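Number of protein chains: 2
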Amino acid sequence: MKLNNTKWFTEIGEKTGIAFSLAIEKKLHEETTPYQHIDIYQTKTFGRLMVIDGYIMLSDRDNFLYHEMMSHIPLFTHPNPKRILIIGGGDCGTLREVLKHPQIESAVQVEIDERVTRLAEEYFPSLCDNNHDPRAYFYFEDGIRFVAQAPNNSMDIIIIDSTDPIGPAEGLFQAPFYTHCRRLLSTEGILVQQSESPLIHQPLIKSIHEEMKKAGFLETRTLTYPQCVYPSGWWSLTLAGKDLSQFRKVDAQSKTFSTHYYNADIHQAALALPEFLRCLHPE
Amino acid sequence: MKLNNTKWFTEIGEKTGIAFSLAIEKKLHEETTPYQHIDIYQTKTFGRLMVIDGYIMLSDRDNFLYHEMMSHIPLFTHPNPKRILIIGGGDCGTLREVLKHPQIESAVQVEIDERVTRLAEEYFPSLCDNNHDPRAYFYFEDGIRFVAQAPNNSMDIIIIDSTDPIGPAEGLFQAPFYTHCRRLLSTEGILVQQSESPLIHQPLIKSIHEEMKKAGFLETRTLTYPQCVYPSGWWSLTLAGKDLSQFRKVDAQSKTFSTHYYNADIHQAALALPEFLRCLHPE
Numbered sequence: 001m002k003l004n005n006t007k008w009f010t011e012i013g014e015k016t017g018i019a020f021s022l023a024i025e026k027k028l029h030e031e032t033t034p035y036q037h038i039d040i041y042q043t044k045t046f047g048r049l050m051v052i053d054g055y056i057m058l059s060d061r062d063n064f065l066y067h068e069m070m071s072h073i074p075l076f077t078h079p080n081p082k083r084i085l086i087i088g089g090g091d092c093g094t095l096r097e098v099l100k101h102p103q104i105e106s107a108v109q110v111e112i113d114e115r116v117t118r119l120a121e122e123y124f125p126s127l128c129d130n131n132h133d134p135r136a137y138f139y140f141e142d143g144i145r146f147v148a149q150a151p152n153n154s155m156d157i158i159i160i161d162s163t164d165p166i167g168p169a170e171g172l173f174q175a176p177f178y179t180h181c182r183r184l185l186s187t188e189g190i191l192v193q194q195s196e197s198p199l200i201h202q203p204l205i206k207s208i209h210e211e212m213k214k215a216g217f218l219e220t221r222t223l224t225y226p227q228c229v230y231p232s233g234w235w236s237l238t239l240a241g242k243d244l245s246q247f248r249k250v251d252a253q254s255k256t257f258s259t260h261y262y263n264a265d266i267h268q269a270a271l272a273l274p275e276f277l278r279c280l281h282p283e
Numbered sequence: 001m002k003l004n005n006t007k008w009f010t011e012i013g014e015k016t017g018i019a020f021s022l023a024i025e026k027k028l029h030e031e032t033t034p035y036q037h038i039d040i041y042q043t044k045t046f047g048r049l050m051v052i053d054g055y056i057m058l059s060d061r062d063n064f065l066y067h068e069m070m071s072h073i074p075l076f077t078h079p080n081p082k083r084i085l086i087i088g089g090g091d092c093g094t095l096r097e098v099l100k101h102p103q104i105e106s107a108v109q110v111e112i113d114e115r116v117t118r119l120a121e122e123y124f125p126s127l128c129d130n131n132h133d134p135r136a137y138f139y140f141e142d143g144i145r146f147v148a149q150a151p152n153n154s155m156d157i158i159i160i161d162s163t164d165p166i167g168p169a170e171g172l173f174q175a176p177f178y179t180h181c182r183r184l185l186s187t188e189g190i191l192v193q194q195s196e197s198p199l200i201h202q203p204l205i206k207s208i209h210e211e212m213k214k215a216g217f218l219e220t221r222t223l224t225y226p227q228c229v230y231p232s233g234w235w236s237l238t239l240a241g242k243d244l245s246q247f248r249k250v251d252a253q254s255k256t257f258s259t260h261y262y263n264a265d266i267h268q269a270a271l272a273l274p275e276f277l278r279c280l281h282p283e
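Residue numbers (full-length UniProt numbering), protein chains in the order written: chain G, 1 to 283; chain U, 1 to 283.
Note that these hints are calculated values from the structure, not bench results.
Fair warning: there could be bad hints in the mix.
[Claimed, not checked] Calculated Cβ distances over 10 Å to all of chain G for the following chain U residues: (1) T6; (2) D53; (3) Q103; (4) R278.
[As the list claims (entries may be wrong)] Some but not every residue of chain U turned toward chain G, in silico, with C-beta under 8 Å: (5) F20; (6) K44; (7) T259; (8) Y262; (9) L273.
[Unchecked claim] Lysine-lysine pairs mimicking DSSO-like chemistry, simulated, CA-CA at most 30 Å apart: (10) U:K26 to G:K26; (11) U:K82 to U:K242; (12) G:K27 to U:K15; (13) G:K7 to U:K249; (14) G:K15 to U:K214; (15) U:K44 to G:K15; (16) G:K15 to U:K249; (17) U:K206 to G:K255; (18) U:K7 to G:K7; (19) U:K15 to G:K206; (20) U:K206 to G:K44; (21) G:K15 to U:K7; (22) U:K26 to G:K15; (23) G:K7 to U:K27; (24) U:K82 to G:K7; (25) U:K7 to G:K27.
Fair warning: this is a prediction, and the values are worked out from it, not measured in the lab.
Virtual Cβ for every residue (Gly too), placed ideally from N, Cα, C.
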């Protein structure tokens, strides 16, 4: 597409009525894998950009928001996380953040499409900084099958770092999958699911809460944060667990690693629910 | 522009490398005033849309975020606000929110372009719900001149609800104007300025703090909130005053009017600064 002689990549949301474009210098790569079509662009102002089936996955410039929130929120909520499972997350950015926590013993990443990870290594090398950490384990297979076969009580945190709930990722937003997640988790275990836009996907967020409750999780909680390249620029994650009121605040305040967005104040702030979302947590 | 047979309005940011589009049903109105060109569209999913000189001003669907934050944040920060001045704000949405506070004695709106207000009355009538409140006063003139001529100590809060700092609004982001604002404000007075995107306008936000300090304000503080239709989907406001650590929390918790985004939790949450913005408030 051309707007004013600049070349743009545009993500078109026919249903949302929103389209979002980034100015492009050139396309660096494209391929069709057994699962999806992947494009990688060099943008003018957002660094590199990965697009899957026409939907923006991440940019160099703003992926820190998503990756830091998806990892540090559950990790500083859980009292003593040691064993982390990431479903999806093929770009390795969530894995990188998880492994910044020194007490982690293992971080298992289960991505269905190995090509996402290989392309991240080539085009987003900084996201893969911790791929050679001996605590990192990679499986390239279906997350739903992996979870169905994994032993009870084998994980402290499960991070569902998935694409949108259409096509292959649909099952990742439903009670049968969440029930297996609960079985895998230890008593204090926490599940976190990327849960789309608070502004435009409220019915989905409500359904995620319901499905998590059906799966037996006692508490569920939605947190929000900005995410420029996703529809509406405002995104959310939803936690499920036994007791989500915990927060290792002192540990977050004295964390030994650097972040670009996350800090203890941001953690608490992200928990504040706008008036129009109070329905998620009837008091 | 056409993308996939849908008609879209697109705001093109050549400098930011971002373009944002909304699907359009039809154009409802356009005119060139002595100050600017105004378009009004019916969108498919965001209600009505006002565009000035090609830049999105507001949509029915998400203007509540901006208007609630620009008004309730300073009004619940000030210990006893009675006299409010709004510079710009021609769509009357900020005025509507301000007048929800029962203790307000007068709210003066100084908009340079009367046509913005007349079009808001016609196309965004709900924003103008409080235009006939006897506490509302309208002046259609240059805000900089108005402030230069206004008497000392005549206002408790000044809300600068302006367009971007290019063209006519540029002077609204500079120390000479802020100095007049300070002169107008009572001792406990608070100035609030819309201060663009935390992600893409950091140098401007830093400069606003510096200009406010030059004008003699002792404290300055930036707060952030989502705003789908503005570049990056993440926006900010910057407060200036003598003591910004105040917050009438109990009053905010027991407010007598409804809001869609703002509440006491959101107020405190909006004050949390991401790591990359900590430079604004060196400790």
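Hint check:
| no. | hint | result |
| --- | --- | --- |
| 1 | T6 | violated (7 Å) |
| 2 | D53 | holds (15 Å) |
| 3 | Q103 | holds (21 Å) |
| 4 | R278 | violated (8 Å) |
| 5 | F20 | holds (6 Å) |
| 6 | K44 | holds (4 Å) |
| 7 | T259 | holds (5 Å) |
| 8 | Y262 | holds (7 Å) |
| 9 | L273 | holds (7 Å) |
| 10 | U:K26 to G:K26 | violated (34 Å) |
| 11 | U:K82 to U:K242 | holds (17 Å) |
| 12 | G:K27 to U:K15 | holds (20 Å) |
| 13 | G:K7 to U:K249 | violated (49 Å) |
| 14 | G:K15 to U:K214 | violated (48 Å) |
| 15 | U:K44 to G:K15 | holds (9 Å) |
| 16 | G:K15 to U:K249 | violated (39 Å) |
| 17 | U:K206 to G:K255 | holds (27 Å) |
| 18 | U:K7 to G:K7 | holds (19 Å) |
| 19 | U:K15 to G:K206 | violated (38 Å) |
| 20 | U:K206 to G:K44 | holds (24 Å) |
| 21 | G:K15 to U:K7 | holds (13 Å) |
| 22 | U:K26 to G:K15 | holds (17 Å) |
| 23 | G:K7 to U:K27 | holds (26 Å) |
| 24 | U:K82 to G:K7 | violated (51 Å) |
| 25 | U:K7 to G:K27 | holds (26 Å) |
Comparing the model with each earlier hint shows violations of hints 1, 4, 10, 13, 14, 16, 19, 24; every other hint is respected.
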